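Each protein sequence line maps, in turn, to chains A and B. Quick note on this note's numbering: the first sequence kicks off at 1 and runs consecutively. Quick note on this note's numbering: the second sequence kicks off at 1 and runs consecutively.
Note that these hints are calculated values from the structure, not bench results. Bear in mind the structure is a predicted one, so any value in this text is a computation, not a measurement. Even glycine gets a Cβ: it sits at the ideal position worked out from N, Cα and C.
Straight-line alpha carbon distances no greater than 30 Å define the calculated DSS-like cross-link-like pairs of lysine-lysine that follow: (1) A:K80 with B:K279; (2) A:K80 with B:K147; (3) A:K189 with A:K160.
Chain A side only, calculated, beta carbon under 7 Å to chain B, not exhaustive: (4) G349; (5) Q350; (6) Q351; (7) L352; (8) S353; (9) L354; (10) F355.
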Amino acid sequence: MNQLHHILHVDMDAFFASVEQLDQPELRGKPVLVGTRPEERGVVAAASYEARKFGCRSAMPMGAAMRLCPEAVVVPPRGKRYAEVSAQVFQILVQFTPLVEPLSIDEAFLDVTGSVRLFGQPEEIAREVKRRIQAETELTASVGVAPNKFLAKLASDLDKPDGLMVVPQDGIQAFLDPLPISRLWGVGKATLPRFEELGIRTFADTRRLSEAVLRDRFGEAGGQFYRLIRGIDDREVVPDTEAKSISQEVTFPVDVDDHEHLRGVLLGQTDQVARRLRRHGLLARTVTLKIRSGDFKTITRSRTIEVGTDETQTIWVAVTALFNEWSSQQPPAVRLIGVGVSQLSNGAGQQLSLFGQEESFRHRQLDQAIDKIRDKFGDGAIGRGGVRGKDAGDV
Amino acid sequence: MQVIVNRNALADVLVVASGIASARTTKDVLKCVRLTATEGELLIGSTDLEVALRCSVRQVEVRKPGDILVPADKLTQIARESVDETLTIGVEDQVCHVRGVDSHFEVYGQDPNEFPPVPDLEGEPDAEVAVEVLCRLIDQTSFAVAKENTRYAINGVLWEKKNKRLCFVATDGRRLARAVGAAEQAGSGDASMIVPAKTIHVLQRVLANGEGQAAIRFSDNQVIVKCNGYVVSSALVEGQFPNYDEVIPKDNDKSIELSTEAFISAVRRAALLTNEQSKGVRLSFTQDKLVLSSRAPEQGEATISMRAGYGGENVDIGFNPNFILDALRVVGTPTVNFEMKETNRPGVLKAGSEFMYVVMPVSLA
Chain A
1 MNQLHHILHV DMDAFFASVE QLDQPELRGK PVLVGTRPEE RGVVAAASYE ARKFGCRSAM
61 PMGAAMRLCP EAVVVPPRGK RYAEVSAQVF QILVQFTPLV EPLSIDEAFL DVTGSVRLFG
121 QPEEIAREVK RRIQAETELT ASVGVAPNKF LAKLASDLDK PDGLMVVPQD GIQAFLDPLP
181 ISRLWGVGKA TLPRFEELGI RTFADTRRLS EAVLRDRFGE AGGQFYRLIR GIDDREVVPD
241 TEAKSISQEV TFPVDVDDHE HLRGVLLGQT DQVARRLRRH GLLARTVTLK IRSGDFKTIT
301 RSRTIEVGTD ETQTIWVAVT ALFNEWSSQQ PPAVRLIGVG VSQLSNGAGQ QLSLFGQEES
361 FRHRQLDQAI DKIRDKFGDG AIGRGGVRGK DAGDV
Chain B
1 MQVIVNRNAL ADVLVVASGI ASARTTKDVL KCVRLTATEG ELLIGSTDLE VALRCSVRQV
61 EVRKPGDILV PADKLTQIAR ESVDETLTIG VEDQVCHVRG VDSHFEVYGQ DPNEFPPVPD
121 LEGEPDAEVA VEVLCRLIDQ TSFAVAKENT RYAINGVLWE KKNKRLCFVA TDGRRLARAV
181 GAAEQAGSGD ASMIVPAKTI HVLQRVLANG EGQAAIRFSD NQVIVKCNGY VVSSALVEGQ
241 FPNYDEVIPK DNDKSIELST EAFISAVRRA ALLTNEQSKG VRLSFTQDKL VLSSRAPEQG
301 EATISMRAGY GGENVDIGFN PNFILDALRV VGTPTVNFEM KETNRPGVLK AGSEFMYVVM
361 PVSLA
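Generate the whole structure from the sequences, applying the supplied hints.
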């Protein structure tokens, strides 16, 4: 890594337990253990912060956790629900950068180096990520901001829950030095005593050891320790080979209740989303319409298409159908509106269709022509007529 | 009304009839079957307003003619659970009494005048076809019917009659099955109608183990089929069936003859290493053989080689294995011909001149 990078580590706070407290308000403020009951030799999948005060931790046998905190409420895990909320969170993350590397259902690295011009300084981005997650899921996340993955993860771990910790390039050493050596990536039950034998407790202590000594003691890992202790980590953020979704949304300065205006906005967003699909050679099967009303209630409505598509027209037909459904129910004025696509694939293994080949071919030619003009003259050079949009709604 | 009826014969008819009647309906009369006793026969009718069934139970002794509506599920359960050879069914004040040697059921009935008409096939049928042929035409197409497709007209099987030639077609937009057969008797002229999937299922039950002839009425708003003592009538799927002839490839220039059994086995084995993300099985046609291969990310790969007389240029095409198997299961011939042109173009499976199946590929990476 030559250039200075800005990496975010986003970590949902006590994720499973927080989702349970969100869905079951009577659990809020109480120690909650998510997992199977001790009779079933269960382990703790997640412990709420209230339970952590008693020493309960995830991966602990449920029986042990309940001895530490007998009043804890044990809740069976609901994987499907967690996946649903997780998808919501990732949908937010990918809007800040395409470089999102999921670590698990509730944790991800983001490389926002290229997003600074769009969204502001990394710290601002982190704040906005936290705000959006809170606003859209009512859950909190802790975010670490640093020049690399190792430091970003350390930072988010140190300020939890609902934390935001920034490690600036020139503050790396000051940040690391006081930390206990157990925080070093790769140091566990087996390695910790071997550091202690050397009289080492903190990162600062370790820094006195030469690379040769560390390698001698710990082999290959020693070299890695040597670099990590100095805050050097050049692992890149690798996004999921397949992006999970592509979306485009806009927040209006004032609430909008003119549906024709909203249609126009949606058409533009549909166009953008489809173009991004084409640029990445992806096909989408699910189209989602997202609308937030002035009272901050957010609804999302999805429709799945039989075969994946990257055609503006096909996506627009789905968006229009979703919008018409929504608008037929005397909805409130709109604060935010957006179009998203998901269930993406690169087209391999795509089931082809018997009918509509001709029509599809014409849409494709139109899309390609417009894309070409835009690539050459810029996005403003050509747009889809509102009339076409209206007509499309009747298809 | 009072009848003594053979329990097995009654149960057989009721099982089919209650399959139509017991659907989720708010109208109580539609949850019923109609029993009508006349001289020498007991007529059972059921309908959901789309499909209607009437059948006469002949193993019956009618003591007193009459008419009643009885909840289909209860009467069916009684007929099935009873242990007697015959049951006596009587009606008094809209209560149906079913009596066996040691049993007496009272089931509250409904006014038979409330029941919608259940048509019979009157006059000359438009076609008479061997039950065996009708079964084949249905079995070779019904599997390809679309399920709740927004293109409404393909949620049924197209029945076409051209003089004595019957042609059934079904498609779900990704594959298309066409079966052809000859009628024994038929009025001259052309006719066509789209028969709903549900009606097709009822016909399959009615025709099962049947023999002899089936009489068919083609009309603009309903289809009526009479056979095995049953009369099935049904509304049609409205709309225009797609011009299927257009999607049948005319320029497939490569062909291979395969043993049906060996092909089924090869596809089934290749399908073992497919999954949700990579559903396709790759068919690679090369000199004198067909190689089927598949790959499931993070699980593994499969390759199956079949010796086959093929002399064309090499072609690779991917298919959903289930689409291939669906057709191979119903061809009914020891060998099939597979015809294709190139990657990402439709393949065609043929069994003689009677069955043809167009299947769209899955695109290969």
